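Asks: Each chain, written out:
2 protein chains.
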Amino acid sequence: MKILITSDNHLGYKESDPIQGEDSFTTFEEILKIADKENVDILIQGGDLFHINKPSRYTFNRAINLLKKYCLGDKEIKIETNTQLTYHDDNLNIKMPIIAIHGNHDDPCGLGSLSALDILHTSGLITYVGKCTNLDKIEIKPILLTIEETNVALYMLGYIKDVRLHRAFLEGKISYLRPDNYKEYFNILVLHQNRVKYAEKEYIPEEFIDNMFDLVIYGHEHESLTSQNIYKNFFIIQNGSTVRTSLSDSEISDKYTYIIEINKKEFKCNTIPLQTVRPLCFDNIILEDDKNIEDILTKKVNTMIKGTMPLVRLRVDLLKGIPINKYKFGIQFKDIICNFSDILKFKTKKRKEIKEENKKISEIHLKDIIYNFVSHKNLTTIPENLFLNALEEFTEKDEKKAFENLMDNMQKEYIKRIINDGFCEEIPFLKIKNQIINEKGYKEEEEIISKEINEIENEIEINNKEETIKTKKINKNEKLKDEDSFSFTEFL
Amino acid sequence: MKILITSDNHLGYKESDPIQGEDSFTTFEEILKIADKENVDILIQGGDLFHINKPSRYTFNRAINLLKKYCLGDKEIKIETNTQLTYHDDNLNIKMPIIAIHGNHDDPCGLGSLSALDILHTSGLITYVGKCTNLDKIEIKPILLTIEETNVALYMLGYIKDVRLHRAFLEGKISYLRPDNYKEYFNILVLHQNRVKYAEKEYIPEEFIDNMFDLVIYGHEHESLTSQNIYKNFFIIQNGSTVRTSLSDSEISDKYTYIIEINKKEFKCNTIPLQTVRPLCFDNIILEDDKNIEDILTKKVNTMIKGTMPLVRLRVDLLKGIPINKYKFGIQFKDIICNFSDILKFKTKKRKEIKEENKKISEIHLKDIIYNFVSHKNLTTIPENLFLNALEEFTEKDEKKAFENLMDNMQKEYIKRIINDGFCEEIPFLKIKNQIINEKGYKEEEEIISKEINEIENEIEINNKEETIKTKKINKNEKLKDEDSFSFTEFL
Numbered sequence: 001m002k003i004l005i006t007s008d009n010h011l012g013y014k015e016s017d018p019i020q021g022e023d024s025f026t027t028f029e030e031i032l033k034i035a036d037k038e039n040v041d042i043l044i045q046g047g048d049l050f051h052i053n054k055p056s057r058y059t060f061n062r063a064i065n066l067l068k069k070y071c072l073g074d075k076e077i078k079i080e081t082n083t084q085l086t087y088h089d090d091n092l093n094i095k096m097p098i099i100a101i102h103g104n105h106d107d108p109c110g111l112g113s114l115s116a117l118d119i120l121h122t123s124g125l126i127t128y129v130g131k132c133t134n135l136d137k138i139e140i141k142p143i144l145l146t147i148e149e150t151n152v153a154l155y156m157l158g159y160i161k162d163v164r165l166h167r168a169f170l171e172g173k174i175s176y177l178r179p180d181n182y183k184e185y186f187n188i189l190v191l192h193q194n195r196v197k198y199a200e201k202e203y204i205p206e207e208f209i210d211n212m213f214d215l216v217i218y219g220h221e222h223e224s225l226t227s228q229n230i231y232k233n234f235f236i237i238q239n240g241s242t243v244r245t246s247l248s249d250s251e252i253s254d255k256y257t258y259i260i261e262i263n264k265k266e267f268k269c270n271t272i273p274l275q276t277v278r279p280l281c282f283d284n285i286i287l288e289d290d291k292n293i294e295d296i297l298t299k300k301v302n303t304m305i306k307g308t309m310p311l312v313r314l315r316v317d318l319l320k321g322i323p324i325n326k327y328k329f330g331i332q333f334k335d336i337i338c339n340f341s342d343i344l345k346f347k348t349k350k351r352k353e354i355k356e357e358n359k360k361i362s363e364i365h366l367k368d369i370i371y372n373f374v375s376h377k378n379l380t381t382i383p384e385n386l387f388l389n390a391l392e393e394f395t396e397k398d399e400k401k402a403f404e405n406l407m408d409n410m411q412k413e414y415i416k417r418i419i420n421d422g423f424c425e426e427i428p429f430l431k432i433k434n435q436i437i438n439e440k441g442y443k444e445e446e447e448i449i450s451k452e453i454n455e456i457e458n459e460i461e462i463n464n465k466e467e468t469i470k471t472k473k474i475n476k477n478e479k480l481k482d483e484d485s486f487s488f489t490e491f492l
Numbered sequence: 001m002k003i004l005i006t007s008d009n010h011l012g013y014k015e016s017d018p019i020q021g022e023d024s025f026t027t028f029e030e031i032l033k034i035a036d037k038e039n040v041d042i043l044i045q046g047g048d049l050f051h052i053n054k055p056s057r058y059t060f061n062r063a064i065n066l067l068k069k070y071c072l073g074d075k076e077i078k079i080e081t082n083t084q085l086t087y088h089d090d091n092l093n094i095k096m097p098i099i100a101i102h103g104n105h106d107d108p109c110g111l112g113s114l115s116a117l118d119i120l121h122t123s124g125l126i127t128y129v130g131k132c133t134n135l136d137k138i139e140i141k142p143i144l145l146t147i148e149e150t151n152v153a154l155y156m157l158g159y160i161k162d163v164r165l166h167r168a169f170l171e172g173k174i175s176y177l178r179p180d181n182y183k184e185y186f187n188i189l190v191l192h193q194n195r196v197k198y199a200e201k202e203y204i205p206e207e208f209i210d211n212m213f214d215l216v217i218y219g220h221e222h223e224s225l226t227s228q229n230i231y232k233n234f235f236i237i238q239n240g241s242t243v244r245t246s247l248s249d250s251e252i253s254d255k256y257t258y259i260i261e262i263n264k265k266e267f268k269c270n271t272i273p274l275q276t277v278r279p280l281c282f283d284n285i286i287l288e289d290d291k292n293i294e295d296i297l298t299k300k301v302n303t304m305i306k307g308t309m310p311l312v313r314l315r316v317d318l319l320k321g322i323p324i325n326k327y328k329f330g331i332q333f334k335d336i337i338c339n340f341s342d343i344l345k346f347k348t349k350k351r352k353e354i355k356e357e358n359k360k361i362s363e364i365h366l367k368d369i370i371y372n373f374v375s376h377k378n379l380t381t382i383p384e385n386l387f388l389n390a391l392e393e394f395t396e397k398d399e400k401k402a403f404e405n406l407m408d409n410m411q412k413e414y415i416k417r418i419i420n421d422g423f424c425e426e427i428p429f430l431k432i433k434n435q436i437i438n439e440k441g442y443k444e445e446e447e448i449i450s451k452e453i454n455e456i457e458n459e460i461e462i463n464n465k466e467e468t469i470k471t472k473k474i475n476k477n478e479k480l481k482d483e484d485s486f487s488f489t490e491f492l
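Protein chains in written order, with my numbering: chain Z, 1 to 492; chain Y, 1 to 492.
Treat the hints with caution; some may be incorrect.
One copy or two, it doesn't matter: identical chains are merged, so the pair holds either way.
Said to hold, decoys possible - Quick list of in silico lysine-lysine cross-link-like pairs, DSS-like style, CA-CA up to 30 angstroms: (1) K345 / K69; (2) K347 / K131; (3) K291 / K412; (4) K68 / K54; (5) K416 / K326.
Read the hints as simulated data drawn from the structure, not as lab findings. As the structure is a computational prediction, the values presented were derived from the model and not from experiment.
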């Protein structure tokens with residue numbers, strides 16, 4: 001069985017850039033071409049197919065176009081499986097099945113908790129798996145693939161915040177729903193997480209992974225490499241990104257796609273260098289002072305350039321003096337270096353100070369302001385983690401209804417609790433109501449309360465419970481004022 | 001030949017509403033079911049398939065799901081045509097071809113000028129036509145369809161701002177690329193414009209339409225009706241919306257889908273009432289004063305309710321006294337009226353005054369502020385219409401790069417003009433540059449100018465022109481200050 005591995009294709013990265021706009025699509029097409037030419041049985045995508053959560057119409061269109069071009073066509077598919085895959089759709093003529101998980105860039109959220117991958121899945125071009133709905137019990141059901149005497153079990157898990165998945169592993173909340181004869185399978189785990197320990201508990205170390213696996217595929221990390229874990233006896237493919245999304249160390253090395261050929265329990269891994277990835281020329285230089293700095297750097301950069309319109313990054317450690325203007329410097333390279341206006345990166349004390357200074361006026365993000373604001377409040381009604389989730393969805397995923405949904409859910413939750421606990425003493429009830437009202441920023445408190453009481457009564461009726469809630473006509477003056485409660489209206 | 005007509009399905013309308021969220025999808029499915037059951041040869045969609053320009057993942061997913069369910073399957077398609085339609089794709093098993101145009105809600109914009117319909121087109125589920133790229137020469141090429149002895153020519157034009165299309169018609173800029181034997185065809189025009197004169201020049205009157213047509217299909221208008229234009233001798237189908245997107249007059253009447261059966265040059269039109277559209281119960285009442293107002297209105301509303309969870313709108317003309325709180329009033333109907341908190345609409349002097357008052361603090365839109373701001377400025381560099389287009393894209397279509405794109409295009413335009421006109425006297429050149437800089441809000445003026453001069457020189461070289469532009473080293477003090485020029489940085 002021949003499987004092509006790719007991940008972190010970041011379709012749509014810099015899509016409006018006149019030079020780099022096509023990069024992510026070009027290389028993704030190169031990979032699809034390789035898969036096609038090598039006649040692979042299946043393609044596995046390890047997350048971050050899309051660069052953002054809400055791909056533009058342009059990126060969606062390009063993605064669907066490419067997938068249609070390479071996944072559709074005449075070919076007999078020999079795989080037997082326990083799972084509905086794309087080629088099972090009688091109305092689509094699939095020649096190459098793709099199975100994908102989401103990454104951190106294209107993870108599900110919003111109404112219906114959907115990823116952009118869901119749309120490709122519904123359209124029948126990929127099979128999207130690995131969505132986890134309950135962090136307290138993560139059960140990974142394998143996709144079992146059989147061709148003749150070779151059995152492969154694919155365990156795939158989409159991106160989960162590293163710190164949470166780390167904890168879930170430690171607490172033994174992960175289980176693999178393996179078949180009884182799992183030892184007869186070549187077992188593959190695919191996940192999209194940090195493999196490297198960038199911060200305490202924010203990664204999934206290889207030690208966490210069950211040694212039933214023969215191969216572990218890590219998406220997420222942008223460096224492309226393979227290694228053998230000799231203690232656990234599994235092979236690791238860290239595919240890396242297929243478009244360089246930063247000018248940092250992790251993007252320096254060459255980019256690859258991998259084809260594994262599995263024969264019963266044996267396998268070999270072919271590392272295929274990608275030809276279309278824009279080169280990144282990276283170097284460091286130390287300068288004693290700023291004399292002749294422009295000449296020195298010009299010469300240096302000229303020696304670095306390799307390939308057509310590469311990305312170039314020269315880190316300059318300037319021990320004394322003032323950095324030159326990198327934009328002005330770059331103009332001379334505008335026809336030969338892709339990022340000509342951003343080649344140099346100065347590392348000077350002065351630069352750092354200036355940066356800090358600028359931060360005060362230009363780099364203060366809404367998120368920071370809100371975090372700061374919230375950290376001085378005592379959130380008594382909304383659990384902090386839910387609030388921070390909503391905040392992240394709102395700021396980073398452009399999910400405009402994040403707070404509205406949070407409030408709706410919290411309200412339902414409280415009403416449920418009140419009903420279930422028979423919690424109807426007057427004062428705490430009003431206190432919670434009062435808080436909810438403060439947080440919703442409504443003015444017509446009375447009406448909301450009476451509406452909610454109606455709903456509660458209604459639910460109680462439905463549940464055939466015999467409790468009744470007696471409420472007095474609520475007098476505004478009677479209500480408890482909770483001045484410390486966190487009020488949404490203050491900043492929304 | 002049997003053709004089903006629908007339009008203004010507004011998929012995704014109120015998608016997060018717990019009661020109405022499914023409405024647009026339910027009725028669209030009803031229509032697809034009718035098309036399927038009636039075994040139509042083709043389905044024509046007259047614009048506004050989607051409610052917004054950037055449908056959510058949820059709405060996209062639902063739309064693709066429905067289209068796959070009803071458009072794919074086994075059926076021999078008898079149509080011969082001059083155009084690539086969905087069923088020509090050998091890899092898709094299409095049983096019902098759909099041809100659609102965009103409306104004002106899902107019109108193309110942004111990178112690549114794409115509509116959400118482009119994605120459905122690329123995925124092979126619909127054929128999207130009627131995009132117009134040049135308003136100075138609108139050529140409509142027909143889709144020619146033939147079954148046995150019946151020939152149909154479909155002329156389809158997506159939404160264009162009414163005032164512009166109106167002008168284009170008046171100036172004779174519309175042409176139909178009809179075949180020589182067009183009289184042997186049953187000629188259909190499909191457009192998505194105002195048919196009714198809501199404002200001077202902001203509609204496309206029937207008189208504008210060539211009398212070669214046998215049938216004219218108007219999308220856009222939300223009322224569903226048909227009529228015969230006796231002067232022009234064509235039949236009109238104004239399909240209307242299939243979900244009520246407002247509680248206004250135009251949404252009161254029943255909703256339909258239409259099936260036309262064409263036999264050579266004869267046709268009949270079947271009007272099929274839609275069963276799933278949420279009822280709208282609409283009435284007016286005049287009250288002398290506010291005595292017993294709640295009782296009177298409660299009784300009135302109770303007599304109005306028809307169907308399950310209808311929309312209800314009662315317009316109350318209150319001659320004297322103060323309106324009651326419509327939210328409080330509505331609570332009693334919460335289990336039987338969909339929009340229970342918004343049933344009443346008071347028409348009183350007092351209400352009007354209050355509204356005006358409120359407007360001052362709550363209904364001032366960003367757009368108004370900017371319009372107001374701009375109207376006091378003299379835009380000398382950017383044509384006002386382009387600026388207003390960008391403004392609309394930015395505010396209403398959520399197109400974040402609208403201004404960036406405008407500025408880029410303007411810059412290119414000016415550079416082109418300077419080159420073509422050999423326009424190199426120093427002062428006007430600098431004046432324009434200075435304005436561009438002001439508008440871009442850049443601080444590093446010198447560098448931008450020198451970069452642009454480089455580009456200009458480069459372009460001149462490419463064009464093999466012999467002009468040269470001599471520029472002095474630009475001294476900041478030399479530059480003309482144009483204090484009146486419109487500065488982007490002031491509000492962006």
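Asks: May I ask which of the numbered hints given earlier this structure violates, with the numbers listed in increasing order?
Replies: Hints 1, 2 and 3 not satisfied by this model.
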